[in-house]
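Build the complex from these two chains, which are given one at a time in their own frames, with help from the hints.
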Amino acid sequence: MAAAAAAAPTRAEVLSLFRSLLRTGRQFSDYNIREYTRRRAADAFRENRALGDAPAAAAFADGKKQLEVAKRQAVVYSLYAPKAKSIMEMKLQ
Amino acid sequence: MSLSRRLLPILLRPRGSPTRALSTAAASAAPAAAEEEAVTIKGVRISGRPLYMDMQATTPVDPRVLDAMLPFYLSRYGNPHSRTHLYGWESDAAVEEARARVASLVGADPREIFFTSGATECNNIAVKGMMRFYRDRRRHVVTTQTEHKCVLDSCRYLQQEGFEVTYLPVRSDGLVDVAQLADAIRPDTGLVSVMAVNNEIGVVQPLEEIGRICREKGVPFHTDAAQALGKIPIDVNQMGIGLMSLSAHKIYGPKGVGALYLRRRPRIRVEPQMSGGGQERGIRSGTVPTPLVVGFGAACEIAAKEMDYDHRRASMLQQRLLDGIRGQVDDIVINGSMEHRYPGNLNLSFAYVEGESLLMGLKEVAVSSGSACTSASLEPSYVLRALGVEEDMAHTSIRFGIGRFTTEEEVDRAIELTVHQVKKLRDMSPLYEMAKAGIDLKSIQPMSGIG
Numbered sequence: 001m002a003a004a005a006a007a008a009p010t011r012a013e014v015l016s017l018f019r020s021l022l023r024t025g026r027q028f029s030d031y032n033i034r035e036y037t038r039r040r041a042a043d044a045f046r047e048n049r050a051l052g053d054a055p056a057a058a059a060f061a062d063g064k065k066q067l068e069v070a071k072r073q074a075v076v077y078s079l080y081a082p083k084a085k086s087i088m089e090m091k092l093q
Numbered sequence: 001m002s003l004s005r006r007l008l009p010i011l012l013r014p015r016g017s018p019t020r021a022l023s024t025a026a027a028s029a030a031p032a033a034a035e036e037e038a039v040t041i042k043g044v045r046i047s048g049r050p051l052y053m054d055m056q057a058t059t060p061v062d063p064r065v066l067d068a069m070l071p072f073y074l075s076r077y078g079n080p081h082s083r084t085h086l087y088g089w090e091s092d093a094a095v096e097e098a099r100a101r102v103a104s105l106v107g108a109d110p111r112e113i114f115f116t117s118g119a120t121e122c123n124n125i126a127v128k129g130m131m132r133f134y135r136d137r138r139r140h141v142v143t144t145q146t147e148h149k150c151v152l153d154s155c156r157y158l159q160q161e162g163f164e165v166t167y168l169p170v171r172s173d174g175l176v177d178v179a180q181l182a183d184a185i186r187p188d189t190g191l192v193s194v195m196a197v198n199n200e201i202g203v204v205q206p207l208e209e210i211g212r213i214c215r216e217k218g219v220p221f222h223t224d225a226a227q228a229l230g231k232i233p234i235d236v237n238q239m240g241i242g243l244m245s246l247s248a249h250k251i252y253g254p255k256g257v258g259a260l261y262l263r264r265r266p267r268i269r270v271e272p273q274m275s276g277g278g279q280e281r282g283i284r285s286g287t288v289p290t291p292l293v294v295g296f297g298a299a300c301e302i303a304a305k306e307m308d309y310d311h312r313r314a315s316m317l318q319q320r321l322l323d324g325i326r327g328q329v330d331d332i333v334i335n336g337s338m339e340h341r342y343p344g345n346l347n348l349s350f351a352y353v354e355g356e357s358l359l360m361g362l363k364e365v366a367v368s369s370g371s372a373c374t375s376a377s378l379e380p381s382y383v384l385r386a387l388g389v390e391e392d393m394a395h396t397s398i399r400f401g402i403g404r405f406t407t408e409e410e411v412d413r414a415i416e417l418t419v420h421q422v423k424k425l426r427d428m429s430p431l432y433e434m435a436k437a438g439i440d441l442k443s444i445q446p447m448s449g450i451g
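Chains as they are written, first to last, in UniProt numbering: chain A, 1 to 93; chain B, 1 to 451.
Hints may be right or wrong, so weigh each one.
As the list claims (entries may be wrong) - Simulated pairs of lysine-lysine, DSS-like, Cα-Cα distance not exceeding 25 Å:
(1) A:LYS83 / B:LYS363
(2) B:LYS363 / B:LYS424
(3) A:LYS85 / A:LYS65
(4) B:LYS423 / B:LYS442
(5) B:LYS255 / B:LYS149
(6) A:LYS71 / A:LYS83
(7) B:LYS436 / B:LYS423
(8) B:LYS255 / A:LYS83
(9) B:LYS149 / A:LYS85
(10) B:LYS436 / B:LYS424
(11) B:LYS255 / B:LYS42
(12) B:LYS255 / B:LYS217
(13) B:LYS305 / A:LYS85
(14) B:LYS363 / B:LYS423
(15) B:LYS305 / A:LYS71
(16) A:LYS85 / B:LYS42
(17) B:LYS442 / B:LYS42
(18) B:LYS42 / A:LYS83
(19) B:LYS305 / A:LYS65
(20) B:LYS305 / A:LYS64
(21) B:LYS424 / B:LYS442
To be verified - Covered by chain A, per the in silico footprint, the following chain B stretches (three or more residues, Cβ under 8 Å):
(22) 164-176
(23) 400-406
Unchecked claim - Ranges of calculated distance between the beta carbons of each label pair, as one might list FRET restraints:
(24) A:GLU47 / B:GLU409: 20 to 26 Å
(25) A:ALA50 / B:GLU433: 47 to 53 Å
(26) A:ARG38 / B:TYR73: 26 to 32 Å
(27) B:GLN319 / A:ARG46: 18 to 24 Å
(28) B:ASP177 / A:ARG11: 55 to 61 Å
Calculated directly from the structure, the hints in this document are not laboratory data.
The C-beta atom is built at its ideal place from N, Cα and C for all residues, glycine as well.
If we strip away everything but chain B, and leave its shape as in the complex, we get (with noise of 0.2 Å):
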């Protein structure tokens, strides 16, 4: 009786707004019309959309992208493997169009570019395919902790299957020792997967030392390039890359849609993973999804054209927002190395504050505490563990990603909000008062725990 009661307003509404009648949104910003709207998601009420700085879980769409996609959502949505009509005809040569595009971009012949899902499935392919295409006389695998959770993940699986992985450790800086990578090749390595840019930390691995490493031993290299494609200058031959994982939608470009470099002289087998119509000559079967294809074609092109002007901006900003927090709050860590670092990623630790906390305090800007696919644990990342901080920092650490439509006053309000809310938190925080009061945490026993 009460339910349909409630309802009998909703469904004797005038026909024309029925959106508005289902709307939280409209209808509860309805009556104070002069107020700004709100949005409230997941019961959390935000006085607008929050600025996005999280570019490193994935990136907004270019309108010039989207430019390029949208007539393949439209007139011309042909099967690229069609090959009796025009329909067909013209959505292949917008594949091939874009293969070369994003084959261009990394110094690659598009013959070596295979379109897949996005690079989770390229590492799969990569890792799991490669090695059970050489199963019989390579038994081994070269990787590091820091690796994204796919191609740690795939090495699990591997190792199940009878493989062996060496996980290096990495050192405090995030950088992967090379000559430690140099010993734990053996004869029967058959893949170092090493990746270019880390998603959590942005540090820049020494891919060229290590790629000329695996051309002396013979091993084939893989590399995870996801994060680094369109914002550091990648050339496969130069730095002797034999594998690596490619993803659209941190380029600007569309999510679901990714590549895969396999290395044609010398020639690099990997067995397949899914059974079909061998598409993609026989290692991604399925229908190749035109619109997204020409979309990644279309962000690399731009990535190619804007590197330097994105680039640059990026370090102004990165510089802007470092300066500008560091200058208000002190105890701040850099997690990884600066020098060799991509500036779009800025990742902080604060000391005597919680991560959750400030998370939840900081609900105008949208960043995370590491990767997107762990965002939902507590657990605190296993790439900062790998580093060696310590857990209590670890817990508190915020990635800011700065991307290509970041703006200087979006930098400025997360400088003030975030700044704002570290001071807020330190305030009630005994810990922060006794270390300003020159007391040594770890020297009190019954205190240690807490973080």
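Isolated chain A (complex conformation) (with noise of 0.2 Å):
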């Protein structure tokens, strides 16, 4: 993959990311995409702290697609959610 040639990312731009993932997945309409996508960011990152200069450069690839993916996507959800929320959002009885 040619991305795997690319440098690794710094700190400051692997944080970015994060935030830029956290901060899409905040928009989806879909409580279950919503939830899924901040627990999967936060998982991947985690178990990536520690990879080397060549890994770590991938990683940092396929994070930047998924971010495009949820951009994308958060703005399909939103076109077409439905007018009754899911119960979890909803307060207990």
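Set out below in structure tokens:
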């Protein structure tokens, strides 16, 4: 992969990507997708904390691709959001 | 007259809000704007969309899958079989890329993958098509009593055509007895069909052993892996699989697409069901639906990457669900083996509770008593009966499905609602009272029919 040849991302770049993913994830209108995006991003960044240079660059490139997907799909989901929310988003009776 | 009077206000509404006038949900919620919106469907009023725990029926489409599909619903609409222009070429390339992704998830060669409309079609082609192709020499099929309806129904059809079928019983844990299976194979057996993961109870059959027996006896092994794909590791060579049915919508892909795996060496031949343009090497004529196939490919690629992560989560949530319910309610039976089980499935029976009442009371949790195909009937599940589960216990089963998008909070809410409902129903049940008083219910004759 061409991405693997790229230099390892800096700490600031990684944190910025992580924050962008979390911010985009919050925009999903669907409860389950919103929770999943947050959880999956957090777990992936935690798991990949100790990666070497080459794999870190590949993971970073993959993360950037995921961010683009999330940005597009957050819009698609918002266009077709159902009127009623999930019962998980409501207060307990 | 009265009708026109009722319609008049709707027709006179300002043109800006046609949907509001037509939507009953919006209309009923409008007066109480401060109140939360409610859903009314089929006469049932629910305060919001139920939490979804019916992952064996179908799964939500992963946003990454939809993202891969959308271009093929917009500008890339070419027919993948068009050979004369770019539209066809780009669709064809996308279909072949998807084929490679499906193949790689099961350790197959892309040329062994044939796209179909879903696992039901695959099972039909595999069971009927294979037996019809070799009908002169092979007259016998071995399968199990807990197979999916489409395999059993295909077998029933073959019986009407004069073939013989052995329906193997399963042990009380849902697993097939491998020695019994070996004994059932005859010189004229043309197919052994055993599903990988059961749709109702989630038990994983010993595929590798069955595959080895079939290879020794020279009989092709077909497995319905609709519930297994992307959830447990599958390798067609290691497991000696000759034919395999796959489905996209069980692994966060789109509905309406599946794939049949047909081994090339030694070659397995089937008689196609449909006549037509000869697409998919003549096995399945009809235009390949590019967007669906691309979605299936994307779902397989994600499943390959996420299998470990998803599996860990499903195991953790299954344990949480089981502990949560078992900690507060007694007299629960887990249907099917716990150690040979896909963790995204938990099938429980609640003694002294009527299943329909329980499901009706659990309107805020989308669960099922068994398979979606038979959820309309009041008959107890034939799978549970094959396990030897008593009729009253088979009637009170609930299948909880845990998937990629299930959260801890959803599991906790499901526990809370289930426990509440079971306790409520048991408080009303004279059977439960008697059982708690130490009376053996089976000894009471007039009561034995009630359950």
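Outcome of the hint check:
1. A:LYS83 / B:LYS363: OK: LYS83 (chain A) and LYS363 (chain B) at ~18 Å, within 25 Å.
2. B:LYS363 / B:LYS424: holds, 15 Å
3. A:LYS85 / A:LYS65: Violated: LYS85 (chain A) and LYS65 (chain A) sit about 29 Å apart, past 25 Å.
4. B:LYS423 / B:LYS442: holds, 22 Å
5. B:LYS255 / B:LYS149: holds, 18 Å
6. A:LYS71 / A:LYS83: OK: LYS71 (chain A) and LYS83 (chain A) at ~22 Å, within 25 Å.
7. B:LYS436 / B:LYS423: Holds, at roughly 13 Å.
8. B:LYS255 / A:LYS83: Roughly 23 Å between the alpha carbons, so the hint for LYS255 (chain B) and LYS83 (chain A) holds.
9. B:LYS149 / A:LYS85: violated, 35 Å
10. B:LYS436 / B:LYS424: Holds, at about 15 Å.
11. B:LYS255 / B:LYS42: Holds, because 24 Å separates the two Cα atoms, which is no more than 25 Å.
12. B:LYS255 / B:LYS217: violated, 37 Å
13. B:LYS305 / A:LYS85: violated, 30 Å
14. B:LYS363 / B:LYS423: holds, 16 Å
15. B:LYS305 / A:LYS71: Since the Cα atoms of LYS305 (chain B) and LYS71 (chain A) sit roughly 21 Å apart, the hinted pair holds (cutoff 25 Å).
16. A:LYS85 / B:LYS42: holds, 18 Å
17. B:LYS442 / B:LYS42: violated, 38 Å
18. B:LYS42 / A:LYS83: Holds, at roughly 17 Å.
19. B:LYS305 / A:LYS65: holds, 15 Å
20. B:LYS305 / A:LYS64: With a Cα-Cα distance of about 17 Å, the restraint between LYS305 (chain B) and LYS64 (chain A) holds, given a limit of 25 Å.
21. B:LYS424 / B:LYS442: holds, 23 Å
22. 164-176: violated (count 0)
23. 400-406: Check passed, 3 qualifying residues.
24. A:GLU47 / B:GLU409: 20 to 26 Å: holds, 23 Å
25. A:ALA50 / B:GLU433: 47 to 53 Å: The hint (47 to 53 Å, Cβ to Cβ) is violated, given that ALA50 (chain A) and GLU433 (chain B) are roughly 59 Å apart.
26. A:ARG38 / B:TYR73: 26 to 32 Å: holds, 28 Å
27. B:GLN319 / A:ARG46: 18 to 24 Å: holds, 21 Å
28. B:ASP177 / A:ARG11: 55 to 61 Å: holds, 58 Å
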